[in-house]
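Here the protein sequences line up with chains A and B, keeping their order.
Residue numbers for the first sequence follow this note's numbering, beginning at 1 and rising by one.
Residue numbers for the second sequence follow this note's numbering, beginning at 1 and rising by one.
A hint or two may mislead.
What the hints assert, rightly or not - Label pairs and their in silico Cβ distance ranges:
#, chain 1, residue 1, chain 2, residue 2, range
1, A, F431, B, S25, 57 to 65 Å
2, A, Y303, B, A16, 22 to 30 Å
3, A, R512, B, E109, 46 to 54 Å
4, B, T14, A, T262, 26 to 34 Å
5, A, V186, B, S25, 45 to 53 Å
What the hints contain is simulated information worked out from the structure, not anything from laboratory work.
Every residue, glycine too, gets a C-beta built ideally from N, C-alpha and C.
Here's the letter readout for the chains.
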Amino acid sequence: MASTSKPQLRRSVTPWGSFSWGYSDVGADIFVGLGLVLAAAAGASNVAFLFAGIVYVCIGLAYTELAATYPVAGGGQYFVMRGLGDVFGFIAGWAVLLDFTIDITLFAWTCVDYSSQLLPVLTGSIHPWVHFLVTLTLIVGLIGLNVIGVRESTAFNGIVSALDVVSETCILCFGFLFAFRPHLLVHTMQMSWPSPYQLMLGTSLAIISFVGLESISQAAQETQRPASVIPRTSIALILTILIFALAYSNLALGMQPWHPITDAAGHPVQFWQIFPNNGDNQGKAVALLASQVPYFGAIAAFYVPILGAVLLLISSNSGVFGSSRIAYAMSSSNLLPSIFQRVHAKFRTPAISIVTFGGIAILELLFAAFPSLHPGAMTIYARFFRNETGLDFLADLYAFGAATSYSFVFLALIALRLKDPLSPRKFKIPFNLPVRVGGEDAEFPIVAVIGFVGIVSILVFTLFTHPIGRIAGPTWLVLGILAYFVYRRHRGLPMFGSQKHEWRKAQVEILRNAGELELMDEYVANVKASDERRAKAAT
Amino acid sequence: MTVPPGAGPTITFTGALVAVVIAVSICSVLWWMLHPPKSQVQKLAAETARELKRMVGSIMVVFSPEINSSHMMALAVKLARGERSELLAVYVIEVPLTLPPDAEMPDEERAALDALGTAETIANANNVTLHTETVKVRSTKEAVLAIAKREKADLIILGSYLEGKYSGARLGGTIQDIAAEAKCDVLIGVEGKHGTLLGEEAS
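Can you make the complete structure from the sequences, with help from the hints?
Structural data, given as structure tokens:
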């Protein structure tokens, strides 16, 4: 008898695999974010990280609940589409796509920055062309590898993540044990407190240290027992990253360097003071901090740049395949043209998606690097973009994309709690208000409202403090929405409304495919009881 | 405030406390993450795996002129290696009532040497210790059940009847009787061609 069932993604991702999948994305962010935030928020960097961290915890909890309830590939875009409708699903997915393309460039760029700690020829300010060409080569190489279907294995991800968790824990433990001066932290916070503008800038940059949590939910379809495992891996990831971000920022502000650091005039300066107005240092902050940790720094100075570069390269690669994955999922939901589902005849990879979004990443690299390659362009950038180039430019867009998509995810969480109370939630965000909607008992999530207010304020900070972010980000969205309308009209699909979805049937299938049979039984029983209640009420 | 140059590393109480809190927090969070609660299916799978350990603690493979167990020997060895089981191969020669109990049966004894030699070779190749035994009895069934009791066997592995030795019952009367009366689990390996025959008969 011929089988008619569709092949399913194999559920091979273990709890550690799921964690490392997210960690290889989010864990790399602190390598980029620390220097940028220290440069922007100075003595209030820890406060910037704390504010962004609180919002991040809310985001993490929202993703955890949604990914455990709807364990499908697609992540945020799927949740928003299901909760708010097709057009909002598109906007959220399109914002995530922006983040993934930035992810490719930003992490390839900082991968080169970290490598420059051991190979000075890669230093961007001294050899801009070498820096640019190596970054470009990395991006093109990753695109090529993804097109022919070569990817780092989950096992490799797991090993690098494990090494990094151990390494960062050691850096922080040794740093706090031997180099932390509480009075220096208090003094720095008092004497170097930034202006409100700088604090907003720092906070909007701090959020980029927490971007990428959706990687876990994107891998939900391949995770073993996702409804049980994902809440744990997500919460573990949230806490690990939060501990690292808060610890790094406090250590950087209250650290007595192992080797005295001096400015150009030979005066000793504090560790955090090496970051403002120094793009090279901003790009390799963790390596610089590690090298200043007493005793451990002697070893860390050699391996942290390498480990950082590897982790950043993995993260850059996750941008390449993440963008193609999202584009594939959006295309399957008729949010993007079907061309993005097309796979290469020989390599069986979504080559068109990979090349398209990899190409956008290269354009972003050109825009970021142009002034350093052609100093004449600097006047244009100075006039229109307040000198924002390189890392600043990439970080701007990264923060914009993340804040936009996360805002919609909070709204989707609220909507799904009210519209779909029958789906069993193995993990539920605490602090809820009981409400009754459409004859069903539901719970209104207070944390989602707090998170939404927090992320929208970060979005406002981003638009207010980032000249490029407030132009390029919305432009990306507007162009995307226009293209979406053209596509939907061409396909004869509703432009503002949604296609007809059989969510009940879909949910049973999702839970069955996830191997969450107990949850599937619970959902079916909930639906049956609900239907009986309604029938009774009707008679 | 600038840092005095040359000030060596010193340990502060706050710094040490934070370092300990970080290390403990990270370790406990990761430990918690790696130990999710088990689902019903996983509990059943774990129980089955435990049951298998009990089931194959001591394995006995039975050969006789009527029972061909050579193909099951390799399986028994793999099981024994994976589960670190005790492994015993027994060759049972049934002495007809027309002969005295200790009668010479050179052909059968030669066949026993071949069968047990093959079994030993398979075991050695897989680095498994194998005990062998050849017994002459009036009833294969009685002997197998007695040895299984003596050796406290958890699993008896049997092949199928040999070509030309068909005794009327589908698996051979002796094999069926052992399976019916054994106090432990019995695994019967029917070779493909016999399986096909049985399938045809069943249908």
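- Message: If you test the structure against every hint from before, which numbers come out violated?
- Response: Checked against the structure, the hints that fail are numbers 1, 3 and 5, while the rest are satisfied.
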